[in-house]
Amino acid sequence: MKAQQPLDDNPCRPRHFKPAPCAPLPMEGPAKQSLETSHTRLIVTAGLFLLAFLAIGIRLVDVTVLKGGETKLARTARTVTQPQVSRADIVDRNGVLLATTLETPSLFANPKQVANPQEAARKIVSVLPDLSEGEVLAKLTSDKSFVWLKRRLTPRQQFDVNRLGIPGLQFEREERRVYPKGNLAAHVVGYTGIDNKGLAGVERGLDDALHERRDPIKLSIDIRLQYILRDEVQKQIDDFRAKGGMGLIADVRTGEILSMISLPDFDPNNAGAASPEAIFNRATLGVFEMGSIFKIFNTAMALDTKTATMTSGYDATKAIPIGKYTIHDDHPQRRWLTVPEIFQYSSNIGSVKMALDAGIEKQRDVLTRLGLTRMPTLELKEIGGPLIPSPWRQINSMTIAFGHGMSVSPLQMINATSAVVNGGILHQATLLKHPDDYIPAGEKVLSQQTSENMRKLMRLVVEKGTGEFANAPGYLIGGKTGTAEKVTGKSYARKAVLASFVGVFPMNDPRYVVMISIDEPHGNAKSHGFITAGWVAAPPVGRVVQRMAPLLGIQPVDENSPEIRRALVIDSSGQQGRKVAAN
Amino acid sequence: MIRATTILWIALVACVGYGMFQVKYEVQQLEDELARVNKSIASSKNAIHVLNAEWSFLTQPNRLDQMTKRYLTLGPIGNPQIGQLDGLPRPPASPAAPAVAANTVPPTTKVPASTPAPATAPAAQPPGPQSAGTRVATAKMRTE
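Protein chains in written order, with the numbering used here: chain A, 1 to 583; chain B, 1 to 144.
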C-alpha cells in the first residue's frame with residue numbers, strides 16, 4: 001500500500017486503473033542519437049513555420065492596419081471610370097458642344113467564316129440599304145480573311161446587324177470627330193482629317209492643345225449669335241444675288257470674337273466635299289480694300305494728332321484730280337464741310353484733304369498703332385496679312401484716306417474699330433473665352449477724347465447719314481458704311497463692289513462691334529437698284545443688333561433722354577465750317 | 001487539460017477558417033459588384049457622351065427656329081416688350097381701397113381708375129352676367 005501511495009494522490013483516478021509498473025527505457029547508442037536528430041528536425045521545422053506565420057502576420061497587419069494594398073485597388077477603380085478620348089471637345093462660350101469625338105463601330109467580315117454568302121449579302125443589304133448587294137457578295141466570296149463592309153455605323157445600324165446573327169461579321173471601334181452644329185461654326189471650329197489631325201480652324205490652330213488636354217476647349221464664340229449673323233448675312237446674299245458674305249461680332253472691351261461667319265460655308269462633317277471657295281475664311285484670311293469704313297481711322301487719325309478738330313472744315317466743292325483719276329464724292333454736297341459732315345456724308349474729297357493735312361508719317365503711325373499694318377494674331381492658321389503700299393507715297397496716303405490702296409482683313413477692321421470706340425485701347429483679338437468679368441490689359445493707342453468724339457461721329461452716320469438703315473430703336477447703334485470698288489485686273493470695276501458696314505452699340509457705352517460685308521451684290525427692286533453699303537450691308541447689322549441685344553442683356557434706352565442727347569449728339573451743320581473757312 | 005486547450009484551438013481554427021472564407025467570398029462578391037458598377041459607369045458615361053452630341057445636334061438653332069415657327073406662336077422679343085422694373089405701376093396703397101370705392105360708385109368705372117394693373121383683371125374675366133360685387137371681389141383678390 002505504501003508503494004502505491006504517490007500514484008493515489010489524485011482522488012479522481014478510477015480505482016481500477018493501475019499504471020504499468022515500468023521505468024523509462026535506458027537511452028543509449030543509436031536510439032538516443034536518432035531521438036536527438038528528430039528533435040533538431042522538429043525545432044527547425046517549427047522555426048520555419050514560425051517564420052512563415054510571422055511573414056503572413058506582418059502582411060496581414062500591413063494590409064489591414066497600414067492599408068498597404070489600397071492605393072493600387074483605388075487606382076484600378078478610378079481608371080475604369082475615365083472615358084478614353086484622344087482629342088478634347090470644343091465648346092462655345094456657354095458650353096454648347098461644337099466638336100466631339102465619338103467611338104463608332106465599323107463592320108468587317110471574315111469571308112472564310114461566312115457559311116452562306118448569298119443569304120448573308122441579302123440580309124446585310126436589307127439593314128444597310130446604301131450598300132450594293134453585288135459588292136457585298138463579291139467581298140464575302142473573296143478568299144481574304146478580312147474585308148471592310150461598312151465604316152462608321154450608327155448605334156442603330158450596329159444593333160440591326162447584330163440582330164441578323166450572321167457568323168463571321170464583326171465590329172471594330174473607330175474614333176470619329178463629330179460636329180453637331182454642322183455649318184454654323186464651320187470656319188471657326190474647322191475640321192480634322194481621317195487620322196484625327198486638325199486641318200482647318202481651331203482644330204488646326206490648337207491641334208497640340210486638343211491632343212494633350214482632357215477638358216473641353218472653351219471658345220469665345222456664341223452659337224446663338226453665329227446663327228443670327230449667318231441668317232442675316234445669308235438673307236442679304238440671297239436678296240442681292242451676291243457672291244458671298246462675311247460677318248463678325250466682337251466684344252469691344254475684351255477683344256473676344258463672339259461670332260465669325262464666312263459664306264458660302266461647308267459642313268465640317270463632310271469637309272472633303274466642300275469647294276475651296278467654301279473653305280476659304282473671308283473674315284480672317286481674306287484681305288480687302290475696305291472703302292469708306294477706313295474713314296473711321298482717317299478721322300480718328302486727324303482728331304488724335306490734332307491736325308483737325310470737330311469744328312474744322314474742308315473745301316469739298318471740287319473733285320481732286322490725281323494722275324488720270326479724279327477723286328469725287330458719292331454723295332456730293334459741293335460746299336465746305338465740317339469734319340462731322342465729312343464723316344456723315346462719307347466725303348472722299350474732305351477725307352483726302354484731312355489726310356494731306358496730317359501727312360504721310362502721322363497716317364502711317366496711327367494705322368500702325370491700330371494694328372492695321374502688321375500681321376494679326378489669332379488662334380487660327382488661316383490668317384491673312386495686310387497689303388500695304390511700299391513705298392508709302394502721297395498718292396497712297398490720299399487713297400488710303402478713303403480706304404483704297406491698302407488691304408486689310410475684316411478681323412483687323414473690327415479689332416481696330418473696337419480700339420477707336422472703347423476709349424482708345426487695342427486688345428488682342430482672341431477666339432478663346434476669357435474668364436467672366438476679366439478685362440485684359442490692352443495697349444493705349446488713342447486718347448479718350450478722340451474715342452468719345454468718334455462715338456459721336458459714328459452715331460451721327462446712323463442717325464442722319466449714310467447708315468440710317470442700320471438703326472435699331474433703343475440700341476444706339478453707330479457705325480460707318482463702306483462701298484469699295486473691287487480691283488479687276490488693273491482697274492476698279494464700278495459694278496463689282498464689296499459693301500460693308502461696321503456698327504457699334506450701344507454708342508453711349510460701347511459693348512459690341514458688328515461688321516457685315518457683302519461681296520458683289522446686284523441691285524434689286526427693294527434697293528432701287530443700289531448696291532451701296534447703306535442699302536446692302538447696313539440693314540442686316542441693325543437686324544442683328546435687334547436680335548442679339550436681348551440675348552446679351554443689353555437694355556434698350558430712350559434715345560431722346562437728355563443725358564444721351566448730351567453724350568452723343570453733335571451739331572454737324574456747316575455753319576461753323578464756313579466760319580472757319582472764312583477765317 | 002491538454003484536451004480542453006486542443007478543443008479550444010480546434011474551435012478557434014474552425015471559426016477563423018469559416019470567417020476567412022466568409023470574408024473571402026464577401027470580397028469576391030464586392031469585387032464582382034465593383035467590376036459590374038465600373039462597367040455600367042463606363043457605359044453610362046459613353047452614353048452620356050453620345051447623348052450630349054445628339055442633344056447638340058438636335059438643338060441646332062436653325063432646327064429650333066423651324067420648329068418654333070411650325071409649332072409655337074412665339075416670335076423674337078421686340079423692343080416694346082422689354083421694360084425696367086421702375087416702369088411698372090405701383091401697387092395700390094391699401095388693398096381695401098377698391099372695395100370701399102365699390103360701395104359708392106359703379107365698379108366698371110372705378111376699378112380702371114385705381115391702377116393699370118388691376119384694370120386688366122375685369123377685362124380678363126369671361127364675359128357673362130356678373131354682379132358688380134363679384135367683379136370688385138376678383139379685382140381685390142388679384143391686387144392682394
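For the record, the hints were derived by calculation from the structure and aren't laboratory data.
A portion of the hints provided could be inaccurate.
Between beta-carbon pairs, the in silico distance windows are [claimed, not checked]:
id : chain 1 : residue 1 : chain 2 : residue 2 : range
1  : A       : K324      : B       : G75       : 49 to 59 Å
2  : B       : Y71       : A       : A319      : 57 to 67 Å
3  : A       : N110      : B       : L64       : 26 to 36 Å
4  : A       : D160      : B       : G78       : 16 to 26 Å
Straight-line alpha carbon distances no greater than 20 Å define the calculated EDC-like cross-link-like pairs of lysine to aspartate or glutamate that follow [to be verified]:
id : chain 1 : residue 1 : chain 2 : residue 2
5  : A       : K197      : A       : D208
6  : A       : K456      : A       : D437
7  : A       : K456      : A       : E563
8  : A       : K112      : A       : D130
9  : A       : K444      : A       : E485
10 : A       : K112      : A       : E135
11 : A       : K150      : A       : E135
12 : B       : K45       : A       : D215
13 : A       : K235      : B       : D65
14 : A       : K112      : A       : E174
15 : A       : K495      : A       : D509
16 : B       : K45       : B       : E26
17 : A       : K123      : A       : E135
18 : A       : K464      : A       : E379
19 : B       : K39       : A       : E103
20 : A       : K197      : A       : D160
21 : A       : K526      : A       : E468
22 : B       : K45       : A       : E135
23 : B       : K69       : A       : E443
24 : B       : K45       : A       : E174
25 : B       : K39       : A       : E172
26 : B       : K24       : A       : D437
27 : A       : K362      : A       : D437
28 : A       : K218      : A       : E485
29 : A       : K495      : A       : D329
30 : A       : K150      : A       : D160
31 : B       : K45       : A       : E103
In this text, a Cβ means the ideal position worked out from N, Cα and C, and glycines have one as well.
Exercise. Taking only the CA atoms, is the gap from K150/A to E135/A under or equal to 20 Å?
Worked result: holds, 11 Å
For this session: Take the C-alpha atoms of K69/B and E443/A, compute the straight-line distance between them, and say whether it is at most 20 Å.
Result: violated, 46 Å
Exercise. Do the Cβ positions of Y71/B and A319/A conform to the proposed distance bound of 57 to 67 Å?
Worked result: holds, 59 Å
Exercise. Hey, K464/A versus E379/A, does the alpha-carbon distance stay inside 20 Å?
Worked result: violated, 38 Å
For this session: Sort out whether E563/A lies within 20 Å of K456/A, counting only the CA atoms.
Result: The given pair, whose Cα atoms are some 13 Å apart, holds under the 20 Å limit.
Exercise. Could one say that the CB atoms of N110/A and L64/B fall in the range 26 to 36 Å?
Worked result: Check failed, 45 Å falls outside 26 to 36 Å.
For this session: For the pair we were handed, K112/A and E135/A, check the Cα-Cα distance against 20 Å.
Result: holds, 17 Å
Exercise. Given the proposed pairing of K123/A with E135/A, does the C-alpha separation stay at or below 20 Å?
Worked result: Judged against 20 Å, a Cα distance of about 13 Å means the pair holds.
For this session: Decide if the proposed pair is consistent with the structure: K45/B and E103/A, CA atoms, cutoff 20 Å inclusive.
Result: holds, 12 Å
Exercise. Are the Cα positions of K235/A and D65/B separated by 20 Å at most?
Worked result: At roughly 15 Å apart (the allowed maximum being 20 Å), D65/B and K235/A satisfy the hint.
Exercise. Holds or violated: are the alpha carbons of K24/B and D437/A at most 20 Å from each other?
Worked result: Not satisfied, since the Cα-Cα distance of roughly 57 Å exceeds 20 Å.
Problem set entry | Proposed proximity, E468/A with K526/A (alpha carbon, max 20 Å) | Since the Cα atoms of K526/A and E468/A sit roughly 16 Å apart, the hinted pair holds (cutoff 20 Å).
Hints 3, 4, 6, 8, 9, 14, 15, 16, 18, 20, 22, 23, 26, 27, 28 from the earlier list are contradicted by this structure; the remaining hints agree with it.
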